[in-house]
Every structure is written in structure tokens, then in C-alpha cells.
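Q: One-letter residues, chain by chain:
Protein chains: 2
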Amino acid sequence: MAKINEVAEAAGVSISTVSYALSGKRPVSPATRKRIEDAVAKLGYSPNASARMLAGRRTNIFALTEPLRTDTHVPTHMAFVLATAVAARRHDYDILLLTEEQAVSGMKRVASSGLADAILVLDVAPDDERVALARSLATPTVFIGVPDDHEGLVCVDLDFEAAARLAVEKLATLGHQRIGMLGMTESAYEKSNFPPRVRAAYEHRAAELGVQTFFRTSGPAQTDRNGCRVAVSEMLAAGVTALVLHANEDAHAIVLSELDQRGVSIPYDLSLISVGNSFDIDTLARPIDSLPLIPAESCNRAVELALESLDEGHRQPGLHLIAPTYLSRDSIGPWVGSTSDEPEAPAAM
Amino acid sequence: MAKINEVAEAAGVSISTVSYALSGKRPVSPATRKRIEDAVAKLGYSPNASARMLAGRRTNIFALTEPLRTDTHVPTHMAFVLATAVAARRHDYDILLLTEEQAVSGMKRVASSGLADAILVLDVAPDDERVALARSLATPTVFIGVPDDHEGLVCVDLDFEAAARLAVEKLATLGHQRIGMLGMTESAYEKSNFPPRVRAAYEHRAAELGVQTFFRTSGPAQTDRNGCRVAVSEMLAAGVTALVLHANEDAHAIVLSELDQRGVSIPYDLSLISVGNSFDIDTLARPIDSLPLIPAESCNRAVELALESLDEGHRQPGLHLIAPTYLSRDSIGPWVGSTSDEPEAPAAM
DNA sequence: TTGAAAGCGTTACCAG
DNA sequence: CTGGTAACGCTTTCAA
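Protein chains in written order, with UniProt numbering: chain A, 1 to 349; chain B, 1 to 349.
Treat the hints as calculated values from the structure; they're not laboratory data.
Among the clues, some could well be false.
Stated by the list, open to error - Label-pair ranges, simulated between beta-carbon atoms:
1) 41/B <-> 138/A: 16 to 22 Å
2) 71/B <-> 175/A: 40 to 46 Å
3) 104/B <-> 30/A: 28 to 34 Å
4) 55/A <-> 104/B: 25 to 31 Å
5) 56/A <-> 43/B: 23 to 29 Å
6) 51/B <-> 129/A: 26 to 32 Å
7) 69/B <-> 175/A: 42 to 48 Å
8) 189/A <-> 310/B: 43 to 49 Å
9) 323/A <-> 14/B: 56 to 62 Å
10) 323/A <-> 234/B: 47 to 53 Å
Unchecked claim - Below are the SDA-like pairs computed for lysine to any residue, each with C-alpha atoms no more than 20 Å apart in a straight line:
11) 108/B <-> 86/A
12) 108/B <-> 43/A
13) 108/A <-> 91/B
14) 3/B <-> 56/A
15) 3/B <-> 112/A
16) 34/A <-> 17/A
17) 3/B <-> 22/B
18) 3/A <-> 54/B
Here a beta-carbon is modelled for each residue, glycine too, at the ideal position from N, C-alpha and C.
Produce the complete structure using the sequences and hints provided.
A: Structural data, given as C-alpha cells:
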């Protein structure tokens, strides 16, 4: 725990020179720099974080607010938490956790005490109470996810609508006339912000292209392992020739096993595309085409926006939607036309 | 962002009196206190965290190091992360995240810069490299989990051995002569610290009581949904009349569904006890008796130990094992003696 | 019960 | 290229 003045003495220079040599904010001659570096090494000097914060008027800490509602998919969420931490560290920032009951009150606290330079918001709800709070705070705040009312906020997210549209277009181009979507759990369509956006874009684009759509959720709850199977069965029975998946990793695995059991071959009998998946698609038993939601991408962008906001005045409110990328795994193919046992076209569900 | 001197002026008192009135470290007359509180309210004053840290020589921040290895069960892990955050806040502390690549290097960083007052260690491996590091740091460090070599360290954990023994004793008392354990995934027995301890205690206590044991892992990997079914089938086939579960939530659900399909009735045909489960046992389709690992309990204790360590000199190295509690859900019953179709006793596995 | 002032360990401005 | 020194905003000792 040596202090900067000890380093200065050992190197025979002034305190300010040591500071500048370390920060690089002022040129220092190679000779003195060397003496300082030696002194630092010998004394094992490391600048005191608290003093640095006070003098530098910057804590190098981002607060991460994450209420973690009961219906949030934990592994997905964790991937985002880790991604923010990694992204922050690249810019020499640390992440301070504001969870559960502290998610809201903690925001006020770190803002008014100046503990955090900026706030990153995770687990965004459509009617998130942190929206109003963020507007009232002087501390820059970046939402990772898009609340219904995002006027004046900085938000980052995958362009889910574009991803859904792209999936539909791919399938329509291949001749599919009846496609289905397996969505997330029912509650996700009430409590989360993007599932409804995906569904709406999917249906809208399909209508534009004259493709008939079907939709099923993964079931009422995350614990329900059967919901997916039933949903898939029903859509197959309805004559669907392609399936868009917007669900968590478990649901993907269940769908694949169900298809496997039924002897449905991909992509010959059925085309499959995953949209907005935030897990590694290649760990599935049968990797499938995807338009993934990449946590690192969203979080890197969020951190960059947070940093920009620090340079007072440079705040740019608005949606920062990330263009989706299509990853091919040969799980989609042309629809080979009507076969003998094609069922009657039922009403859309 | 009012400052303390503004509050002092507004209240017509000195800076130090404001500080003392707010911290309560010195008696302040009711009259002045009131004037100060009014000034604080009017100005919306909130002490600056950085200045407080520097002057108070305490950051009120705990670093949480969590490498999050690939084979770590994420929901369980997350429960611990949240529990540390909640426990810390109760003592006015915040949690700073050190994940993945930062798990080790970050420890050095926050220790040498004085960013954290203490370090909490999660996701402890048997041969954890953070053990040696913790010994070399001046910053108090508390392990939540027990590494093989814990000489001189402060460690908190459930007394897994006691829990395993208790489970065996319960079953032995009820007359069971052949019991099985469904353990975690195979890799958990190499890369984590407590699974081997549970298994060893289970087998040792059973041997003492003359009970024959069987053991199976949940399969090679977390993604393998079939491992549990096979494991259970094999143990049932071997004539096991009671099962001790030391596995994650998914595995519990799979076991229950398998037993249900086979028409095995609990506790009449089979007794079931869960050991070291860190999820809510009552969300299972059929709640079962358990000796749970309660994240909040471990983390509260860890935070308390960390705080004690701050009062220089009060450090008490050693294992702090939490006594297990037995939660009854009527999932164990007496063994009704040998029935007609009892299989031959095979060699223990 | 209260006040004055000396730190806490840096950063960054102003001089040279 | 380098040094002196005034902040940074609070805590806490010393004095009254």
C-alpha cells in the first residue's frame, strides 16, 4: 500500500510527474519514466481507487440494475450480466450489482451519491418503473432492452422485428406457404418487452408476403416440459412446413427431440429457424439456422453509449437497434410442394 | 449534488456537526439535528461516495469473484450471487462483480487499489487458484465453499457431510437396507468441491449402519436429459427402496416424472430425500423431504465474517459449517420388508 | 454540545 | 519536460 509520494521520492521526481507518467496525460522523458516505473515496481505501488475517484471526479464504476423477475430465464439473464462485466472491463470499468429490491432504490442511491458514473438497465419490462426514474436522474442511464415508452431514453437491443421479418422472408422465398412460430412462455408476452414485438413483426411480414401463420407459446410456465411438444404437434398437424423458434434453450432441445421421435427430418420435412436465441446454437443436438441475440454485442454497445454520455452533452437519446445476422446451419430448405397427405388448410390460430 | 458545506451553511452549523448528525457518531442536540435534517431535505443532500471512501478509509464495497466455469449450474449460481448482494446491502455494502477472466486478476486489482474492503469467493474449485492468492492478499477474503486446501482461510458452507449422514440415518431408521444416491453430473465430481464430500459421507455412514449403497451420477453432462432416467432405472432394478437426491432442479423433475410414469408411489414404493438442494423444493410436482443448501444462509454468514475481518485483528480463519435442517414433506416411509419380487442382491456399484 | 482544521491520496491547473 | 499546490468532499481529532 505504498502511496504516490513515496514513489515520487524513490524516483526523485515530483508527485505530479508520477501521476502524469502513470496516466500518460502528459509527455514524460524516457529517463524519468524509467525511474518512475522502477520505483513503482519496487514499491508495488498501485493508485488508491478512492482518492482517484475523488480527485478525478469519476468512479470508473457502472451500476447494473437487474430486478430479475420470477419469470426471467436465468441462464439468458446471466449471459447478459457477464457480458456487461466483460464489456465494462475493456474500458477499465467495474460493475456494481443492484438486484431485486435494490434494483430501483439502488439506482437513486448510486446516482445521488455519485457512486456510479452511469447506470445500465437489464431485465427491462414494457412498463418498467425505472423508465421514469431514469428520466429524473442526472446520471446517464442506458437500457438494454426497449420499454414501451422510451421517449428520451438511450436504449440498445437487437432489432427483433427485423430478425423476425428476415426469418419469414427466408422461408417465403423458399416457397413455404404455412409457417408456425413457437414463442416463449405465456407470461413472457405480458411481462417482457420483446416477445410481442417479435410475434407482431412475424405475423405482419407474413401477411405482406401472403404466407399463412400459426403461433403457439412454449406453454404457461418455464417448468412445463410438455407445452412445447403439444405446441409443435398442433402446428405440424395444421400442415406447417416451417417453424420459427423464439424460445429458450430448453425449448429448442425439446422441439428437436420431439421432431426426432416423430421421424421428422430437417430440413427435408420441416424447415427450422431460431430467432433471438442468446445461447450457443451449435450446442444443440442439431444446430439450426438462427438470427441470434448476442449478449456481448448489446452490452458492448450499451457500454459504449454509457461512456459517450459521460462526456457531458454528448448524450444521444434514441433506440440503438442492432441489425440481425443470419447464421446458416442448413436447417431450411425449399418446400417441395403439396404432398398426398397434406391436410386441409385450417383457420389460422 | 449539494455538498456538505452547503448543508452546514443552510443549517447555520459547522461541517463537522452535519457529518456527526448524519453518521450519529457523536450526540447532537435535537434542535440542531432538526435544522440539519431540514437543510438536508431542502437541498436533497446525499454524501458523496468517493469523498466518504477516501476520508473514511472504507469503500463499503465487497468484491465478488465468480469465474463461472462452464459446468457450473447457472440458476444455482445466480441464487448465490443475489444472496450475497442482499446480505451485503443489509450492512450497507455493495457488490462489485469480478467474473470470468477477471475473477483472479480482479482480486489483485481491487485489493491493491483498495477498491473493495473485502472479497467474497464463489464457485470454489477443489484446487482453486484463488486460494493461494487469498493468502497473499491483505484484503480479507471469505470463501463460500470449501477448497481442498483451506489452511488459514475463512470458509463458509453447508455441512454437506452432516446432511448426507442425516439422510442416511433417517432411511436406516425406517428400515431401508438398500439405498441409492443420484448425484450430480460426472464433471461435478472432479471440478467442484462438495459433491465428492456428499458422496463419501453418504457411503461412509451407510457402511457404519450396515446399509447397502448404490450410486449414479446424473449423466455426463447437464444437457443430457436421459442420464437421470437411466440412473434411476438401474437403481430401481437393483432393488433400492430409497433414493437420496443430490442433483439440480431439472434432475429432480426428471426423476419425479420417471417415477410417475412407472407408477412408483412415494413414499409407499420408494422413499425420497433431497440433499443440498438450493432451489425451492415446493415448486416440484411432488415436494420431497430435503436437507437444503440455503444460499441466503451461507451468504449472510459470509458477509458477517467479512465484516468481522474488517475490524483488524478479528480474523478467524477456519471452516464455518452450517448445520443442516431437515424439511419434511412426507416423502419417506418405512420399508415394508421383502416382497415377493425382490431381486437378488447384486454387488454394490 | 459544537467548531476549526488537519488529513485522506490523487488529479490537474498554473508556472517555469 | 517538470514542479508546486490547490482542489476533490468528506471524516475525525483536537480544542473549546
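Q: Are the Cα positions of residue 3/B and residue 112/A separated by 20 Å at most?
A: 11 Å, holds
Q: Using the Cβ atoms, figure out if residue 71/B sits within 40 to 46 Å of residue 175/A.
A: Holds: the Cβ-Cβ distance is about 43 Å, inside 40 to 46 Å.
Q: Residue 41/B and residue 138/A, beta-carbon distance inside 16 to 22 Å?
A: 19 Å, holds
Q: Straight-line Cα separation of residue 34/A and residue 17/A no greater than 20 Å?
A: OK: residue 34/A and residue 17/A at ~12 Å, within 20 Å.
Q: If I claimed the Cβ atoms of residue 69/B and residue 175/A lie 42 to 48 Å apart, would that claim hold in this structure?
A: 45 Å, holds
Q: Indicate whether the distance between the beta carbons of residue 55/A and residue 104/B respects the range 25 to 31 Å.
A: For residue 104/B against residue 55/A, whose Cβ atoms are near 29 Å apart, the range 25 to 31 Å holds.
Q: Quickly compare the C-alpha distance for residue 108/B and residue 43/A to 20 Å and report which way the hint goes.
A: The given pair, whose Cα atoms are some 15 Å apart, holds under the 20 Å limit.
Q: Between residue 108/A and residue 91/B, is the straight-line Cα distance small enough, at 20 Å or below?
A: Answer holds: residue 108/A to residue 91/B is near 18 Å, not above 20 Å.
Q: With respect to the beta-carbon atoms only, verify the hint that residue 189/A and residue 310/B lie 43 to 49 Å apart.
A: Since residue 189/A and residue 310/B have Cβ atoms about 47 Å apart, the given range 43 to 49 Å holds.
Q: Need the status of pair residue 108/B, residue 86/A: alpha-carbon distance at most 20 Å?
A: 17 Å, holds
Q: Within 28 to 34 Å: is that where the Cβ-Cβ distance between residue 104/B and residue 30/A falls?
A: 32 Å, holds
Q: Looking only at beta-carbon atoms, does the pair residue 323/A, residue 234/B fall within the given range of 47 to 53 Å?
A: Holds, since residue 323/A and residue 234/B (Cβ atoms, about 51 Å apart) stay within the stated range.
Violated hints are absent here; each numbered hint is respected by the structure.
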